[in-house]
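Using the sequences and the accompanying hints, generate a full structural model.
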Amino acid sequence: MPGEISRRTVIATAAIVPVAALTAAAQTPPTPSALSDAQLRLLAAIVDRIIPKDELGPSASECDVPVYINRALADYLAGEKPAFIEGLEATDALARRTHNAAFIDLTPEQRDAVLTSMDNGTAEGFPNARAFFNRARRLAMEGMFGDPYYGGNKNFAGWDLIKYPGPRMATTAADQRMGVEISPYHHSAYGAGGEHGH
Amino acid sequence: MAINLKPVDVAVVGLGAAGGVAVLPLARAGLKVAGIEAGTWMDPSKDFKPDEIHNNVRSLVTTVPKAKKEIPTFRTSPDAKARQAAAHPMMNAVGGTSIHYHAQSWRLKPWDFKTRSETIKRYGATLLPKGSTLEDWPVGYDELEPYYDIVEHEVGVSGKAGNIQGKLDPAGNVYEGPRQREYPMPTLRTCDFLDHMHKAARSLGWKPFHAPSAINSQPYHGRPACAYHGYCDRGGCQVRAKNSTCFTTIPEAQKTKNLTVFDGAQVTRIVADNNGKVTGVTYIRDGKEYFQPAKVVLVSSYTYENTRLLLLSKSKAYPNGLSNNHGQVGKHYFGHWDAQAGVGVTALFPFDVNTWYGAMLSQGVVVDEWADDTFDHSGLGFIGGASLCTFMEKHPIAAASMSTFGRAPAWGSAWKKFVHENAGRWTTSYLQTNSFPYENTYLDLDPEVKDPLGDPVCRVTSGPKDNETRAAIYAQNKMEEWFRAAGAVEVIKGQPFGPALSTHTYGGTRMGDNPETNVVDRWGFSHEAPNLGMLGGSVFGTSGARNPTLTMQALAWRTAEHLAKNWKSIAGA
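If you're matching them up, the sequences are chains A and B in order. The opening residue of the first sequence carries number 357 in the working numbering; numbering runs sequentially from there. The opening residue of the second sequence carries number 298 in the working numbering; numbering runs sequentially from there.
One thing to keep in mind: the hints can contain errors.
Mimicking DSSO-like on lysine-lysine, the simulated pairs with C-alpha atoms at most 27 Å apart in a straight line are [to be verified]:
hint: 1; chain 1: B; residue 1: Lys363; chain 2: A; residue 2: Lys510
hint: 2; chain 1: A; residue 1: Lys409; chain 2: B; residue 2: Lys714
hint: 3; chain 1: B; residue 1: Lys790; chain 2: A; residue 2: Lys519
hint: 4; chain 1: B; residue 1: Lys790; chain 2: A; residue 2: Lys437
hint: 5; chain 1: B; residue 1: Lys365; chain 2: A; residue 2: Lys437
In short, the hints are calculated from the structure, not lab data.
Spelled out as structure tokens, the structure:
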């Protein structure tokens, strides 16, 4: 995995930003970005079909799942950024071939048809479709259900969806009881405000 | 040129689960010990977090630069080309894998030490696994018992005895070998799900018990009790309730002033003179090469690295690698048939099991009816079996990534509804199958893939095994029976495909009386280089159906004590 190297690269790059930017950074830490605005919109459209908004709660993008993926691709997963962007572009090209429109301009049903063909390996002219779809789905899971510290799981909506009661530093026997609702503990492992960190 | 250091009595290569224990009896005996560790000290407050992305997704506790660049290659047949694996199971840090392990701390069964002779006696030689190189260990359970006892108390193990000097107690494991006294601490806390599984096992007529673990159930030796926060797996313990050697035996040894820890020091060769005695080790630290002279060298890195280091250390006396003039280094290797080998069983319940928090396998309930030779194997076509363990601790990403058991699609609103209802209702189990060495399972040096120093990485060859496949499937069916008795509505069994790279590996420098088929003698010292000792899973001849660490530690203590008691004859001072 390229993690450690990319982390160092990010730090090294951060060290040569202009003084004005450093002043701004004192208030809000610089957020590394791997994807363009257009790529982020496409990514949001994809992950929102994997985790859609419905009566059970917000969509992936409403939980900042694309923020998680974007940061990861700029940092820990920098080594896989080119392949991921290639997958995004191939998804859009597939939409244009099969539906004569950009993916983000398709109806939800059409988006599902495109993604289903990728998931079941029938997407023509996109040999890595299944691998890309599985990767996007996996990263969506990380962004939805991981610690908010990394940018996703906004308002702990992912943990609430599956009724995960949150990372407590210590638990009691009562927290391990069955048949009772354990009240959710809405805190990042990195403490109060940790969800704004990284 | 290497920088020559001041000579020491003993150089210990690797301060993990085994080496980290061996340093204590050595230092207490007054021997000057250099503990040479490729990794560094980890800081519990900075490096260990209740964070699934940190521990499990990105493996930031377990992924360390040295091991990452030495990932062994793997193949399933001696005729195949081996490919480098994607991830490694090793660890470099002071404390090694005892930092992030699940800490279940078992004694092997008396049967594990004499599987070959007991099998022949009970069933005849035809039931011995075909193609295996199985031998009885040169030591039995009774000889190891005092060392199990010492380590349980020095490191700190929580558990409930099932057999104290022949007196059975069904609150513990009645199938264990006799122990001289109770564990130093009671088992970790029970909880609703474990009670539920305990009751289900009893309803089948089985004898479930709470797992023994090197995690404090109460304050012990100045460290606190477990906080059950649920991030034990692949994470270190922030409160130091997990008895990793970096919190226990290593600091204890440092108090004697006889142990010096050299961290960030990567051992590259063990040096031998023309008479076949080892004279010390070379290591690289901060880009500089050092030679550490030592009267005795104990090698205690991971199974793969123990073999690799010997094979790389060629000399006039050992042209095929250190202690390899009988061609046995790397032989009799095998991996454990556990979850990493596809031996899994997962269940869905119609109610919340609330297994989110806890302490992984250490907060677990185990059934031992279907392991070892506890049941009659006549007509079954295999020996051994597996221990069955249900346990606590489930992380949110993994929970949401659950199997949908064919009941829902894998994404979209229907999937969301499914995980909303069921992420808290599924659990899995941990099965460990008795595993054995074979002619077609071994370690050697890869002919092509090299580490950054230009040294070949380890190559793992692990061929198919009918015996373990049958035993694993038999045990999986028992696990399904247990889950069904507990009310599971869906059960999925994995395909036992066999171990690839694994965190439970054995052999390569096997212990045995016969130098034609073993690398080290009954005390853990080389049959060829008299002042070279080997510690860790690499000396095991069978795996048992349970986690290996406590046995490694008992053997390490015994080897170190033997060295201290026989210092003059072994060191040749």
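Verification of the supplied hints:
1. Only pairs whose Cα atoms come within 27 Å are accepted, and lysine 363 of chain B paired with lysine 510 of chain A is rejected, the gap being roughly 36 Å.
2. Pair hint lysine 409 of chain A plus lysine 714 of chain B holds up; C-alpha atoms about 11 Å apart against a cutoff of 27 Å.
3. A C-alpha spacing of about 26 Å is found between lysine 790 of chain B and lysine 519 of chain A, which places the hinted pair at or below 27 Å, so the restraint holds.
4. Between lysine 790 of chain B and lysine 437 of chain A, the direct Cα distance comes to roughly 36 Å. Violation of the 27 Å bound is thereby established for this hinted pair.
5. For the proposed pair lysine 365 of chain B and lysine 437 of chain A, the alpha carbon gap of about 21 Å is at most 27 Å, so the pair holds.
Checked against the numbered hints given earlier, this structure breaks hints 1, 4; the rest are met.
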